[in-house]
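There are 2 protein chains.
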Amino acid sequence: MESTMMRFPLTLSCVLERAGAYFERTEIVERRPDRSIARTTIGNFYNRSRALAESLMKSGLRKGDRVATFLWNDTVHLEAYFGVPAAGGVVHPVNIRLHPDEIAYIVRHAGDRFLIIDAALLPLLEKIKNQAAFERVWVAGAAPGAPLPAGADHYESLIAGANGNFTYPILNEDDPAAMCYTSGTTGRSKGVVYSHRSIVLHTFAEVMPDAFGISQHDAVLVISPMFHVNGWGLPHSAVFTGAKLVLTGMHFDPAAILDLIVSENITVTGAIPTIWIAVRDALEAQPTRWKIKNTLRAVVGGAAPPAALLRALEKFNIKLMHAWGMTETSPVATFGSLKSNLLSLPECQQFETRCKQGWSVPFMETRVVDAGGAVVAWGGRDPGELQVRGPWVAASYYNNPETADRWTADGWFKTGDVATIDADGYICITDRAKDLIKSGGEWISSVDLENAIMGHPGVHEAAVVAVPHPKWQERPLAVVARRAHSEVTAAELSEFLSGHFAKWQIPDAFVFVSEIPKTSIGKFKKTALREQYKDWKWC
Amino acid sequence: MESTMMRFPLTLSCVLERAGAYFERTEIVERRPDRSIARTTIGNFYNRSRALAESLMKSGLRKGDRVATFLWNDTVHLEAYFGVPAAGGVVHPVNIRLHPDEIAYIVRHAGDRFLIIDAALLPLLEKIKNQAAFERVWVAGAAPGAPLPAGADHYESLIAGANGNFTYPILNEDDPAAMCYTSGTTGRSKGVVYSHRSIVLHTFAEVMPDAFGISQHDAVLVISPMFHVNGWGLPHSAVFTGAKLVLTGMHFDPAAILDLIVSENITVTGAIPTIWIAVRDALEAQPTRWKIKNTLRAVVGGAAPPAALLRALEKFNIKLMHAWGMTETSPVATFGSLKSNLLSLPECQQFETRCKQGWSVPFMETRVVDAGGAVVAWGGRDPGELQVRGPWVAASYYNNPETADRWTADGWFKTGDVATIDADGYICITDRAKDLIKSGGEWISSVDLENAIMGHPGVHEAAVVAVPHPKWQERPLAVVARRAHSEVTAAELSEFLSGHFAKWQIPDAFVFVSEIPKTSIGKFKKTALREQYKDWKWC
Chain U
0 MESTMMRFPL TLSCVLERAG AYFERTEIVE RRPDRSIART TIGNFYNRSR ALAESLMKSG
60 LRKGDRVATF LWNDTVHLEA YFGVPAAGGV VHPVNIRLHP DEIAYIVRHA GDRFLIIDAA
120 LLPLLEKIKN QAAFERVWVA GAAPGAPLPA GADHYESLIA GANGNFTYPI LNEDDPAAMC
180 YTSGTTGRSK GVVYSHRSIV LHTFAEVMPD AFGISQHDAV LVISPMFHVN GWGLPHSAVF
240 TGAKLVLTGM HFDPAAILDL IVSENITVTG AIPTIWIAVR DALEAQPTRW KIKNTLRAVV
300 GGAAPPAALL RALEKFNIKL MHAWGMTETS PVATFGSLKS NLLSLPECQQ FETRCKQGWS
360 VPFMETRVVD AGGAVVAWGG RDPGELQVRG PWVAASYYNN PETADRWTAD GWFKTGDVAT
420 IDADGYICIT DRAKDLIKSG GEWISSVDLE NAIMGHPGVH EAAVVAVPHP KWQERPLAVV
480 ARRAHSEVTA AELSEFLSGH FAKWQIPDAF VFVSEIPKTS IGKFKKTALR EQYKDWKWC
Chain W
0 MESTMMRFPL TLSCVLERAG AYFERTEIVE RRPDRSIART TIGNFYNRSR ALAESLMKSG
60 LRKGDRVATF LWNDTVHLEA YFGVPAAGGV VHPVNIRLHP DEIAYIVRHA GDRFLIIDAA
120 LLPLLEKIKN QAAFERVWVA GAAPGAPLPA GADHYESLIA GANGNFTYPI LNEDDPAAMC
180 YTSGTTGRSK GVVYSHRSIV LHTFAEVMPD AFGISQHDAV LVISPMFHVN GWGLPHSAVF
240 TGAKLVLTGM HFDPAAILDL IVSENITVTG AIPTIWIAVR DALEAQPTRW KIKNTLRAVV
300 GGAAPPAALL RALEKFNIKL MHAWGMTETS PVATFGSLKS NLLSLPECQQ FETRCKQGWS
360 VPFMETRVVD AGGAVVAWGG RDPGELQVRG PWVAASYYNN PETADRWTAD GWFKTGDVAT
420 IDADGYICIT DRAKDLIKSG GEWISSVDLE NAIMGHPGVH EAAVVAVPHP KWQERPLAVV
480 ARRAHSEVTA AELSEFLSGH FAKWQIPDAF VFVSEIPKTS IGKFKKTALR EQYKDWKWC
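Residue numbers (numbering that gives the first Met the number 0), protein chains in the order written: chain U, 0 to 538; chain W, 0 to 538.
Incorrect hints may have been included.
No copy is singled out in the list; a pair is fine if it fits within one copy or between any two copies.
As the list claims (entries may be wrong) - Listed next, the in silico SDA-like pairs over lysine to any residue satisfying Cα-Cα at most 20 Å (straight line): (1) K338 to R24; (2) K292 to S339; (3) K338 to G19; (4) K62 to E1; (5) K338 to T40; (6) K536 to V368.
These are computed hints drawn from the structure, not numbers from a lab.
These numbers come from a predicted model, not from an experiment.
In isolation and in its complexed conformation, chain U is listed as follows (with noise of 0.2 Å):
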């Protein structure tokens, strides 16, 4: 027998559609780039996101071609994010912030037709023009009369162009729908193209209570860029419920981060640590500045958050949740929100809990394998690779077949994180693989050590990373950025450290900077700092 159910798919056109029909009034707002605020509803951005979806098929736009954006977060940003998909382009936003010969490879290699480019962005085109080209460029942001580069066009000219004669294409969900690139801290950069299913499912699993927990009533902060595996989920998640949608623009310092929390009444946001930590420092240098109202529920993920962090942003009303994911699972994977049973446990324990990576949502499935490819059992101690798989995960890159080795022959992706997990089935990473210390035989984690030396009142920032040793072939070295007026000594952190690791696992040597360099997306980049501490001479 078969069901009797219709078969109905899920695309982003219907999400856009239901947004305008019911959300007309709900409001969008963005910071400009001279950091005024602009305000739009729902219903407008509904009439500009069918308008470019309407003239990018009149300027040909073909089913599955992609449209590259250079845009930060803001209204036009969102405009691409349905427009394209639902005219049956891919919207390909290109992380902004990598080598200018690191775009024009991404953008050859993903064959982005057309681009939607922020006048501001426009020197980058520049720097890009010999290497990369587009057929068509369209200019968000310039001044009616302003002077554009050759060939290119005023975006509001596109947008003005449509006249509502149109009908969306018919879309299957496993059509494409939008891509990004993820920069691997090896190699060329690597794309994921999303389907229309796996954005719709993801958002299902996003807005759950037990994840994100998104309703109309809430009102959505994008920290992460826009071009970071889709600025997280959020922009189509808010869309999909009617939530307040807030963008900050390209101001991520933290006082204009602080500032929209407060005069937006954000419920709901998501950053790296690295933004934490920096908003963490303001509250703290400025206690009375902000006054945030109602708890706000902020995600951290990219890399474990120290769990002096959620102790410190908790005393702001901020309540940090940790979820865990990459540009490959679209990213939402994991999240730590405690369990019921956990619930009863002491307070430290329920913190340390919370910094795991968690428990997966709904159909995203997570195992950790050991070297010999067996599945580690849950509870166990010994971490191996954890893998995933799901609906919304990536099963190749696009268009790079050399890195099928990624997959395991069963169909999982190997994360390349090194990760344990435990009897309630919380991940808890390492470290990934390549981070992972061999000190004498032994492995140190340099997630753990980092974290703790975070924990520590003087210290801003620390990466640890693994130095060549001639007798224990690696040992740790801490980079340390002070907080300010902070005097911490690497005796003292030596010892701080003693309380919680054996002797062998605690850093040789502190090196103290002014601050840890920060890959495009604000992790800390330790693979520059191992080139530049390689050659260390240890005493």
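Got chain U; can you put chain W on it based on the hints?
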């Protein structure tokens, strides 16, 4: 270009496996036939559901085979909900409150091959044995040595026969998983076959914060019978999220329900208005007997609740939320939660809005079509036929080509409800098409009259039906059940209504009865009332 995402099917076996892994210790509670309370865990349910799947396969179950259940709301039923689809079968909960002839018709029409039956319902099996035959019958809840009908076996023996040596069949998400028959008030019952996909997507929508809002920290009480549209999806949603699940067994009286709400700290549930009316009466009769600590989010569906009922229950910390759906819509289609822009309305208008059927959950599309087939714009005053479509809406009835006219040429399901959609997108069902009263060329809504009459403090329940009239074609007649000790009169009710209705809309006759007749799922049986009063002599 193609998406690079994994093809990962949405199946109930995946939901079951996740629950077994992450929610092993979560409680499942049921009320036994003798009214005692039994407790088990998701871990135990998981093992038994797998054992059921294995034993069914070893008993010869083939993909798509139907397994009927004659069961109330209990753990065996829950095992069938997951174990049968995991084995590739189709679980078919049969409405055991129907007439035996209708039940026999249904199991024959569905082609049910196997049956799982509660021992207390064996007399029903005896009544239909000459009209319907099952290849195998398993009896749950029978004492170990108790005599069984010829050919029947103990359900516990079936479970005990499993040895764990089995693997799930490979399932496609469009494979059938469950079926329910809807007992229309005219004609034979019609079957709807749900797929794994439709149930999973419905579950994602149901647990959203703007719908039932179910998390692992909730305690969910299933009041609606599990043979009525999958118990409104609540059993699936609880297993999906890891919420504590509480099952009413065969006891649906208000004291039994209130006892469970209090003793199990229920946070989410759902039931039809007649149940909530009985609960209100019980609470008002003994205001100190039950103390509900945390607000109970109580969905009401199946018919529109009177605003007076919402107000009355809020005094006891029960927050009614109106949702609408049908067997054909899995059931959740719309939800009456207040949209953000309506939160500033005066309280009385908020209650009025919350009594409407509400607005569509994601991917459920709704429209109202006039007699000429044109879609009626939102905010219009003229009602039309409500039509729906979406991934968990039936595209046909099972093996029933003569009902094809219930779907439009462009693929929408015609609900048979007459409705308007207001400017905010809230559906307001005026009536079932056949319940509208045509008086002197004007339409009168029986639903509006019923809810107004039930707003009178002396009224327990009221149903209004059209009765033929020599001059006006039809006139409304109200059938009223007074509350205990109430002596309200027809004249008083007529006077009470005159504040809200035009003179010609007010019923010409009020008949007082001890109880309104109900359908098998507890709705007012208006067909019976129309039949009973069709020869009414108007004064």
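Status of R24 relative to K338 across identical chains (alpha carbons, at most 20 Å): Answer is between; shortest inter-copy Cα gap is 11 Å, intra-copy 37 Å.
20 Å Cα threshold - placement of T40 relative to K338: Answer is between; shortest inter-copy Cα gap is 15 Å, intra-copy 37 Å.
Up to 20 Å CA-CA - G19 versus K338, copy category: Answer is between; shortest inter-copy Cα gap is 14 Å, intra-copy 36 Å.
Up to 20 Å CA-CA - E1 versus K62, copy category: For K62 and E1, the Cα distance is within 20 Å only across copies (10 Å; inside one copy 31 Å).
Alpha-carbon proximity between K292 and S339, which holds within one copy, between copies, both or neither at 20 Å: For K292 and S339, only the inter-copy Cα distance (19 Å) is at most 20 Å; the intra-copy one is 27 Å.
Homomeric proximity label, K536 with V368: Cα distance no greater than 20 Å: The answer is neither: 36 Å in one copy and 81 Å across copies each exceed 20 Å.
Hint 6 from the earlier list is the only one contradicted by this structure; the remaining hints agree with it.
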